[in-house]
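Listed below, chain by chain, are the residues.
Protein chains: 2
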Amino acid sequence: MAITIPEVSIRRLSTYLRCLRQAEAEGQEWVQSSDLARTCGISGSLVRKDLSYFGEFGIRGKGYRVGELSKAIEEIIGINEPIRVIIVGAGNLGRALIHHLKEIPYFKVLAAFDRNEKKIGKRINGVEVLPIGEIEGFYKKHAPQIAVLAIPPEGLQETVNLLSRAGIKGILSFALQGIKAPPGVVINYVEIASEIEYLAYKIKKGSVA
Amino acid sequence: MAITIPEVSIRRLSTYLRCLRQAEAEGQEWVQSSDLARTCGISGSLVRKDLSYFGEFGIRGKGYRVGELSKAIEEIIGINEPIRVIIVGAGNLGRALIHHLKEIPYFKVLAAFDRNEKKIGKRINGVEVLPIGEIEGFYKKHAPQIAVLAIPPEGLQETVNLLSRAGIKGILSFALQGIKAPPGVVINYVEIASEIEYLAYKIKKGSVA
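Chains E and Y, in that order, give the protein sequences. Using my numbering, you'd call the opening residue of the first sequence number 1 and step up by one each time. Using my numbering, you'd call the opening residue of the second sequence number 1 and step up by one each time.
Keep in mind the hints are simulated off the structure, nothing from the lab. Accuracy of the hints is not assured; some may be wrong.
For identical chains, the list gives no copy identity; a pair is met inside one copy or between any two copies.
[Unchecked claim] Result set (DSS-like, lysine-lysine): computed pairs, CA atoms no more than 25 Å apart in a straight line:
#1 141 to 108
#2 122 to 108
#3 205 to 140
#4 180 to 204
#5 204 to 108
#6 180 to 140
So here's chain E without its partners, still in its complex pose:
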């Protein structure tokens, strides 16, 4: 299959995937674009535009086969096998992330890393906490793809550099502070503060669905 899809649509594809998996878990076999629009909170016209790339799978009046569509999306995003993830930082956020990501079958949470000696060796929901100093050896053995950062701002940049030297190519950060991306590394930010601001803006504007 050779479909080229714009990056903005790719971002929404993983949202559809979330909704499709929910539908699958609920035993649903068919899904309409209007269902996806409602459960994903994306406008119907955008959903239809994005799904037009998958036109061949749809049947007029019936919609899409849930399993078929989610498999096609998985192939495009490139997650036909579980994404190998490590969590850096085993505090409240790190613990929450481990619990959250362990529930999702297409992630493999390989390990957590911390600097705090008291946390090393513990297990959080079955995930072992290792010393951050061992990241290089760990990378050679297990080749994690993504590091999720759940650490305080102090020493953030050094940790990122350390992860990059070990071989990590993708980093997800919850920190408010910007990080300088080492060459060859992609950093994404989960900006909780911005999401809240944007919500406040939408409420103020009265643009309520």
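Position chain Y against the provided structure of chain E, taking the given hints into account.
Frame of chain E, contents of chain Y only:
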């Protein structure tokens, strides 16, 4: 000031705000659009396009006054006073969110809510945990604008309905499950799973900056 800015730019404005505040904290007085592009991880051309709405503040060759630009952005987003937030759920994620948001001066974390009797009455970083049953009375007194949901999927929809009946207009959810938005309520999702998938996709594609 009557500036109309498209919604996609508004989303980026709060990212600029994060970077501007960091610059402010570091004692920086002037900022160039290229600095913002680098620290925010947004392409230079997008930053220049977004900031063109604030052209009157910029000085060629010097850039923007940090304080002036952030104040103008705050006014447009509508956060010239702190956003009143409550956290629903006082588990790992709830605790992490309280610590995270308490660090940000333009948020006021009014209280946390939980169902678990053992957690009620405790304080997390100075924020009291109240029984979720008290939300209606609490709303009348303190009028929180945004509820951040940090609760398990069980009973998610009922909690949302409860918050909506109390008067809450904006909800931020970390759950994978879709929620039916009650009339007049805006729900935004922080999709950690999607962010990781998108990172994995970018790495696979080799679109590394």
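Each hint, compared with the structure:
| no. | hint | verdict |
| --- | --- | --- |
| 1 | 141 to 108 | within (15 Å within a copy, 45 Å between copies) |
| 2 | 122 to 108 | within (18 Å within a copy, 34 Å between copies) |
| 3 | 205 to 140 | between (51 Å within a copy, 22 Å between copies) |
| 4 | 180 to 204 | between (34 Å within a copy, 21 Å between copies) |
| 5 | 204 to 108 | between (40 Å within a copy, 17 Å between copies) |
| 6 | 180 to 140 | within (24 Å within a copy, 45 Å between copies) |
In this structure, every one of the numbered hints holds.
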